[in-house]
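Colleague: Chains L and G, in that order, give the protein sequences. With the numbering used here applied, the first sequence corresponds to residues 57 to 345, in that order. With the numbering used here applied, the second sequence corresponds to residues 57 to 345, in that order.
A few of these clues could be false.
Since copy identity is lost for identical chains, a pair holds within one copy or between any two.
Stated by the list, open to error - Here are the simulated lysine to aspartate or glutamate pairs, DMTMM-like style, with alpha carbons at most 25 angstroms apart:
hint, residue 1, residue 2
1, Lys269, Asp327
2, Lys165, Asp88
3, Lys310, Glu252
4, Lys165, Asp176
5, Lys165, Asp175
These aren't lab readings, by the way, just hints derived from the structure by calculation. Everything numeric in this text was worked out from a predicted model, so none of it was measured.
Number of protein chains: 2
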Amino acid sequence: MSQTGRNGSRAKNGQPIEPVASDRPYALRLADQRSVAEMPTDAPDRSDAAKERARAEADALRGRLAEWQERLYAEHHRRLLVVLQAMDTGGKDGTIRNVFRSVNAMGVKAARFEAPTRDDLARDYLWRVHAQVPATGQIGIFNRSHYEDVLTVRVNGLVPEHVWRRRYEHIRGFERLLADEGTRIVKLFLHIGRAEQRERLQARLDDPHKRWKFDDNDLRQREHWDDYMAAYTDAIRETDAPHAPWYVIPANQKWHRDRTVLDLLVRTLEDMAPQYPQADVDPSRVAID
Amino acid sequence: MSQTGRNGSRAKNGQPIEPVASDRPYALRLADQRSVAEMPTDAPDRSDAAKERARAEADALRGRLAEWQERLYAEHHRRLLVVLQAMDTGGKDGTIRNVFRSVNAMGVKAARFEAPTRDDLARDYLWRVHAQVPATGQIGIFNRSHYEDVLTVRVNGLVPEHVWRRRYEHIRGFERLLADEGTRIVKLFLHIGRAEQRERLQARLDDPHKRWKFDDNDLRQREHWDDYMAAYTDAIRETDAPHAPWYVIPANQKWHRDRTVLDLLVRTLEDMAPQYPQADVDPSRVAID
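Next comes chain L alone, as it looks inside the complex:
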């Protein structure tokens, strides 16, 4: 992750925001692995002590994220788009809840992409996505995204292969446009194991307060687990770019997942280093009676 430096001192005005995270980022890159299926879904250290440390780190990182977002908004020049993808029960909603808890709601714009409506289907698949991109100064969050059009659409055979295959090129072009015009993009695959998914689905069935979340279709999609891993691997490889990198987040442990995402977003904002605008006024020359 060379593009997200650790240099908190790049904040050239206002108080510098101190870096808090550890030396190395927790988020993983696909890099040389043949498939996301080979990548860890567990935290490297699952001891109680590690869990406690992660929670303390996450608390500190939440404060930093809020500070950086305030600067991004004040600067009013660029945007940050966070794309969240995961298998069912992978923790997209929980991540959004836990990561952005301290951030000013005015500065965050979350969009959820469910099955397309009749109106959506009447246009190209990027139409509804483009409509939801963040405005200047905002952090946009995509809860699912245009990637479903090369993931679930592919796995379920909703369009022929030549149709989903050419979509990688559309997506590269779309993200290039966003980046060139001032949006930093970070794409996260919350990576859980198949066994972890079984436990989470069972928990939904067992808990009367969670039962409403249970969906038959989740079981059908679970049967295609390997196809999904192949589709994720291809999607990540085809659309990974310096201006729109993909990260794989081991997500079996929520405390590790949340800390990892917070760490990554803070690093990204440190690298963007948004600045408070220069005031045009010299306060020593202003007399207010």
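Starting from the known structure of chain L, fit chain G onto it as the hints suggest.
Modeller: Frame of chain L; chain G shown alone:
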């Protein structure tokens, strides 16, 4: 214009729609000319007889256009996007009024792109454009378009050269997406001469009913005429594609302009050849009491 055939008989169901236009299309392609500045702005024949013929042709073509649009809507599978660009007073509004007069308003969606709003400027320049693309079965009309972001933006120096120059690639990607996902695109440059523009501006000043249309800024843009011709030439060359071709329409004579645009759109729809859907019902087996 090899991609828009003349084969009215390709309408495989319903009554075939008879082709009406002349043997060769009237619309011009930039092709080997060095610049649009070298291309004709006048009709090839400006006699009264030619004018009369053009008007009769336009009347017949309007009927064909309405018939084809009805099929496009019934088929409910694809879309047609017509991009209209011109110098000020070039006749965009008049063309839309005269060409689509007979077409069912439900099947047409016109969008006008004026100076971007604060909200527009908070996103990339294609955001507001993508939002306005036609839905399935519709003919979309862009009155000005994303091309202003490489025309007026370039000529007036609103962004640095490296910013407008990389936009050609964004636009190619955007139009590729639309085409791949089912939208036929036709791009028209209504081409008037500088002398013709002077007369039209003068007419706006002289006629108290047209004076509201007069805008000081039109005079400022007129000073950049040669820069605009260079910008149009580059934009056409950089973004001309089989799925999104550019046509230059000699537009000094409105009767020639309207007939030329009608002829082009009818040819395009003939080539798309939208079909009435097959009914699932065998009417001979239905008894309605």
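Colleague: Against this structure, judge whether each hint is valid.
Modeller: Here is what the structure says about each hint:
no.	hint	in the structure
1	Lys269 / Asp327	neither (38 angstroms within a copy, 49 angstroms between copies)
2	Lys165 / Asp88	neither (34 angstroms within a copy, 49 angstroms between copies)
3	Lys310 / Glu252	within (11 angstroms within a copy, 69 angstroms between copies)
4	Lys165 / Asp176	both (20 angstroms within a copy, 16 angstroms between copies)
5	Lys165 / Asp175	both (22 angstroms within a copy, 14 angstroms between copies)
Hint check: violations occur at hints 1, 2; the rest are consistent with the structure.
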